[in-house]
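Colleague: Construct the complete structure from the given sequences, taking the supplied hints into account.
Below, each chain spelled out in residue letters.
Protein chains: 2
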Amino acid sequence: MPRSSREDAARTRAAVASSAADLASAEGLASVSLGRIAEQIGISKSGVIGPFRSKEELQLATLRAAAERFRAEVWEPAADLEPGIERLRGVMEAWFSYLERDVFPGGCFLTAAAHEFDGRPGRVRDAIARTWELWLGVLEAEARTAQEAGALSRDRSARQVALELNALAMSANMAKQLHGWPDPTAHAREAAGRVLG
Amino acid sequence: MPRSSREDAARTRAAVASSAADLASAEGLASVSLGRIAEQIGISKSGVIGPFRSKEELQLATLRAAAERFRAEVWEPAADLEPGIERLRGVMEAWFSYLERDVFPGGCFLTAAAHEFDGRPGRVRDAIARTWELWLGVLEAEARTAQEAGALSRDRSARQVALELNALAMSANMAKQLHGWPDPTAHAREAAGRVLG
DNA sequence: TCGAATAGAACACGATCGTACGCTATTCTT
DNA sequence: AAGAATAGCGTACGATCGTGTTCTATTCGA
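Line by line, the protein sequences give chains D and H. When you line the first sequence up against my numbering, it's residues 1 to 197, in that order. When you line the second sequence up against my numbering, it's residues 1 to 197, in that order.
Derived by calculation from the structure, the hints in this document are not laboratory data. Don't take each hint at face value.
Straight line, CA to CA, 30 Å or less: simulated DSSO-like cross-link-like pairs of lysine-lysine [unchecked claim]: (1) 176/D / 176/H; (2) 55/D / 55/H; (3) 45/H / 55/H.
Modeller: Rendered as structure tokens:
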């Protein structure tokens, strides 16, 4: 017995995108069918595709929902720390924690989506690439701040620091999702510690 | 005008698996349909699935074909070098070259397959995980040899060296396939140089 | 040289896909 | 209080999926 059809619509949109992100992290964004989402949240296929105009729009909304979840889980916990090395360490800790806690049931959505769509031209691929560039830019800016404060060695460029940290997170994600190692972030934490001094 | 039906069968098997690996590197192993492979090499769907018993068998054969291509492109060029640091550097150079030359049209097949199947239980996923473990073991053994010869620092374990190098290769693959950067291996080469001294 | 075996084509099948259309029930506007 | 707008359901559509069966042409062993 809904109180407002408009609020319901927004709720449905969010539920569909969030559910799609969960499914996609495990099975791939392109493999998530409307019927599966419908079954997952208990509405009809029409109810799934209705709030979006096409499946591509739904995929873009799914990506936005996943990126927001990533931001809330990885950036938000460290946002209040002092910019520079301290916040960079906080982000990495939140990032590893995010991977360990399986915020997405099938591992990092953005990593999976990047590898899935890197060979498929289109708006979804472009949006994924933009999201990654954005995140690398955040890491790079933080590293630069740390270097300017003298808290981080300049033997690597800020960009290089961002790319190395990103590589380590992807490696930890793989260690957990593919290999199922008991302490999947151990090696990445060790290496990140070396990068960040 | 074939000379032997048996030889033809083997040729068809190899052509199907190789073509499937190419397609899969760009679009994903699960997304490659029998019809697409058939169209690609100009035979019927029956001719595609015939040499294998099911699509899962075809996927396993595709993985084996891709792993062999990886071995030929990355291990083989360095195999004759002296075991230890020299061969490890040779492997990394061949690995980066393999990524730069787009040996698979959609980027490293094994990386894409790992991320695609890490959330799907089954024989294909297990085979992918085994292939990666095998490769990590190769890198680790080489690193250990290098350490025992005193040519590689012991501040990282051999396993840690293998995992860090692997993370860098995955990062370079992403830089090329998703971001399309002009020199996608630059940062990974820099970091690998630091790891290997 | 002739029957057995096999590679591959042709076709049919049930299932599932994304999308479109019509309908019902509820809410919002006036 | 009544008409407009909309959320979501039910259904149907054409396309494509993996698989199974049947059949033909070719090559094999004896």
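Colleague: Now look at each hint and say whether the structure bears it out.
Modeller: Right, here's what the structure says about each hint:
| no. | hint | in the structure |
| --- | --- | --- |
| 1 | 176/D / 176/H | holds, 24 Å |
| 2 | 55/D / 55/H | holds, 27 Å |
| 3 | 45/H / 55/H | holds, 11 Å |
The structure agrees with every numbered hint stated previously.
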